[in-house]
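Line order of the protein sequences matches chains A and B. Mapping of the first sequence onto the numbering used here: residues 7 to 218, in sequence order. Mapping of the second sequence onto the numbering used here: residues 42 to 378, in sequence order.
Possibly wrong hints are sitting among the right ones.
[Said to hold, decoys possible] Restricting the straight-line Cα-Cα distance to at most 25 Å, the calculated cross-link-like pairs of lysine-lysine (DSS-like) are: (1) LYS154(B) - LYS183(B); (2) LYS347(B) - LYS183(B); (3) LYS154(B) - LYS132(A); (4) LYS160(B) - LYS183(B); (5) LYS240(B) - LYS154(B); (6) LYS240(B) - LYS347(B); (7) LYS240(B) - LYS132(A); (8) LYS350(B) - LYS237(B); (9) LYS160(B) - LYS132(A).
Derived by calculation from the structure, the hints in this document are not laboratory data.
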Amino acid sequence: MDFTYFSTHQSDVATQFGQHIELTVITLVLAMAIAVPVGTLISRFPILYTPLIALFGIIYTIPSLALLAFLVVYVGIGRTNAIIALVAYAQFILVRNVVVGLRNVDPIVVDAARGMGMSPLQIMVKIKYPLALPVILGGVRIAAVATIAVATIAALIDAGGLGQLLFEGINNGNNSEIEVGAAAVSLLAVLADIFLRVVDHFLPASRAGATH
Amino acid sequence: MPAISFTEVTKVFDAGKNTGTDSGRPAAVRDVSFEVEQGQFVVLLGPSGCGKTTLMRMVNRLIEPTSGSIDVEGREIHDIPVTELRRHIGYVIQQVGLFPHMTVAQNIAVVPKLLGWPKSRTEQRTDELLDLVALPPAEYRKRFPRQLSGGQQQRVGIARAMAADPAIMLMDEPFGAIDAITRTDLQDELLAIQRKVSKTVIFVTHDVEEALRLADRIAVMRTGTVVQYGRPVDLLTHPADDFVRALLGTNDVFRQLSLVPVRAIMESGQLSAGKPDITVQADQNVRAALAVLIAHDVQEAAVVDKSGKTIGRVTLQRILDEGAHEVAEARAPDTGT
Ligand SMILES: Nc1ncnc2c1ncn2[C@@H]1O[C@H](COP(=O)(O)OP(=O)(O)OP(=O)(O)O)[C@@H](O)[C@H]1O
Ligand SMILES: [Mg+2]
């Protein structure tokens, strides 16, 4: 491995590493903001499950480069384009896990909550979401790693991030730059995975052994 | 004022979904009317599918009656906001349904929290209840449900239902999934708790022995209707029909006597002066009292409570009357049925 590029371009690499994290975090936050209500709606009205999951499934199978290129037509190049594509990709995994997580909450427990006088909203906030959280977070973990991977390609449409190192390195025949880029992306994916596993470990439902 | 009164309560599941009012389905509960007095322990007894759970869950509106009305403490249940109604009625089920992501203390604190109790009061109440159900607070407060045995979980379930000190408790086969020995322990504890705090309890079971041990009143149910409602001893001595007779196993006199506590047939007053001082415990069963009388060759014995205080007397004549009555009832030809 040749990491000489890193010693000469430390601040560039750091900037792109930061951009990549930013892109991932923004994507996941927006994606969750959509997936949680959509998943909740589906668990309320199960008839929506098949059509919506089919739709997200189709989006999920579109090659990322094709989707990014397609979006250029409507929103031009840059970060917005990348974020829209990444958020759309993440829906399949996230919505599915929200639905499964909520569906797996023991109906007996919900019945007990109702019998004790919790309102439907209180049951959602205090019982269903906390109990579904480990499964939902499992979805976030998979989506995070997938987003980090796809986000490298987004460098092609000027969205920044570690992909720049890879494509620049390929264009300039700079092997060290490619290796530094690849190592950095891998490192980020592994760190995200570990981070979310640690978070999961501290969830009340996981600590109590409530789900597994 | 009765604590709970059922007036012509009927439940037909899916009623009205088809055209017309009669959906063609049999009623799960049909035209049930009876009253539960304050502080009474009422057992709904009957075979599987007879409508016990359905009748009970209508009280806290987990199931809506198709027709009829239910009054709780003099108010029709639909005149009370549903969450408020439920927060003031304790609810315990066979599957316990503890919240798995909350500790024992958090589980018990749910209703007090909903009612906005201050934290210190809730904490004090939690410890008090854990003591009451024989789970030392220091050891159990911070445990999660997964770290408890089935019997311990049900104890927490009962403590949770009692948290905000509801006047009424609904208990649906709370000991149904628990082994026989633990079940007897829990029944004893429940009786002890009931003597201390005297709540109005509706308790569902299909276990006859459990019903006879616990009940002040038993409502025997069959295919959606209450066929007899009365004191256990009355059901044993005057079963309304063959169904009740068969359900309670009225044919075996000794078994019956062993299920009735002495306090149920106790008479008031002291022993006649000069008689030897034979005593029986009020909580002992009549069969054991009979053994004592026979062993000492006496006609009567003093009935004492746990502290040894005399609270009445039990006579051989009364026991024989009870027994003879049962034999007569049991041997009576099936007139007209
Ligand atoms: N949600 C429901 N929808 C349709 N039918 C129901 C529903 N709940 C209960 N029933 C029917 O109503 C009748 C009474 O049921 P219920 O659960 O009250 O019986 P139970 O006496 O509690 O029986 P068990 O001792 O087995 O618990 C049964 O025939 C049952 O199939
Ligand atoms: Mg039942």
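Each hint tested on the structure:
Distance restraint check for LYS154(B) and LYS183(B): the Cα-Cα separation of roughly 17 Å lies within the 25 Å cut-off, and the hinted pair is therefore satisfied. Between LYS347(B) and LYS183(B), the direct Cα distance comes to roughly 35 Å. Violation of the 25 Å bound is thereby established for this hinted pair. In summary, the hint linking LYS154(B) to LYS132(A) is supported, as the alpha carbons are separated by about 12 Å, within the 25 Å threshold. With a CA separation close to 16 Å, the supplied pair LYS160(B) and LYS183(B) stays within the 25 Å bound.
Taking the CA atoms of LYS240(B) and LYS154(B), the gap is about 22 Å. The hint holds against a cut of 25 Å. Taken as a hint, the LYS240(B) and LYS347(B) pair is honoured in the structure, with Cα atoms around 21 Å apart against an allowance of 25 Å. Annotation: proposed proximity of LYS240(B) to LYS132(A) is violated, straight-line Cα distance about 29 Å (limit 25 Å). Between the alpha carbons of LYS350(B) and LYS237(B) the distance comes to roughly 18 Å, so the proposed pair stays at or under 25 Å and holds.
Proposed proximity of LYS160(B) and LYS132(A) is supported: the alpha carbons are some 18 Å apart, at most 25 Å.
When the structure is compared with the earlier hints, violations turn up for hints 2, 7 and for no others.
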